[in-house]
Amino acid sequence: MKTFKTLFNKTLPFALLMVLIFVCINVDAQCAMCKAQAITSLQENDSDASGLNMAILYLFLTPYAILGIIGFAWYRNRKTQKD
0 MKTFKTLFNK TLPFALLMVL IFVCINVDAQ CAMCKAQAIT SLQENDSDAS GLNMAILYLF
60 LTPYAILGII GFAWYRNRKT QKD
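With the first letter of the sequence shown counted as 1, position 79 gets the number 78 in numbering that gives the first Met the number 0; the numbers rise by one all the way through.
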């Protein structure tokens, strides 16, 4: 019974990771109105499109910044526990 639990505990996270990596779902990147507004703004050399692009970059980078802060805090905590 113990070997089954050990195998299950090692296999399940790997299987879930593989499912998340290899299962692709087609989704629209943005709503139709945002897309139309961005295309029109770019054709007219308007600054709205650059603002929309900056908003997309901001939304894209925020989760990575949060994960970086959590990772750094975890690393620092582990380092102080070892000393």
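Everything labelled a hint here was simulated from the structure, so no lab data went into it.
Worth double-checking, as some hints may not be accurate.
[As the list claims (entries may be wrong)] Beta-carbon label-pair distances, calculated as ranges:
(1) 12 to 74: 16 to 26 Å
(2) 45 to 75: 37 to 47 Å
(3) 43 to 75: 46 to 56 Å
(4) 36 to 12: 33 to 43 Å
(5) 67 to 22: 19 to 29 Å
[Claimed, not checked] Here are the simulated lysine to any residue pairs, SDA-like style, with alpha carbons at most 20 Å apart:
(6) 81 to 63
(7) 34 to 19
(8) 34 to 59
(9) 78 to 59
(10) 9 to 24
(11) 4 to 20
(12) 34 to 44
(13) 34 to 52
(14) 34 to 54
(15) 81 to 69
(16) 34 to 69
(17) 34 to 4
Here a beta-carbon is modelled for each residue, glycine too, at the ideal position from N, C-alpha and C.
Results for each hint:
{"no.": "1", "hint": "12 to 74: 16 to 26 Å", "in the structure": "21 Å, holds"}
{"no.": "2", "hint": "45 to 75: 37 to 47 Å", "in the structure": "45 Å, holds"}
{"no.": "3", "hint": "43 to 75: 46 to 56 Å", "in the structure": "49 Å, holds"}
{"no.": "4", "hint": "36 to 12: 33 to 43 Å", "in the structure": "42 Å, holds"}
{"no.": "5", "hint": "67 to 22: 19 to 29 Å", "in the structure": "26 Å, holds"}
{"no.": "6", "hint": "81 to 63", "in the structure": "27 Å, violated"}
{"no.": "7", "hint": "34 to 19", "in the structure": "28 Å, violated"}
{"no.": "8", "hint": "34 to 59", "in the structure": "17 Å, holds"}
{"no.": "9", "hint": "78 to 59", "in the structure": "30 Å, violated"}
{"no.": "10", "hint": "9 to 24", "in the structure": "26 Å, violated"}
{"no.": "11", "hint": "4 to 20", "in the structure": "24 Å, violated"}
{"no.": "12", "hint": "34 to 44", "in the structure": "15 Å, holds"}
{"no.": "13", "hint": "34 to 52", "in the structure": "11 Å, holds"}
{"no.": "14", "hint": "34 to 54", "in the structure": "13 Å, holds"}
{"no.": "15", "hint": "81 to 69", "in the structure": "19 Å, holds"}
{"no.": "16", "hint": "34 to 69", "in the structure": "34 Å, violated"}
{"no.": "17", "hint": "34 to 4", "in the structure": "49 Å, violated"}
Comparing the model with each numbered hint stated earlier shows that hints 6, 7, 9, 10, 11, 16, 17 do not hold.
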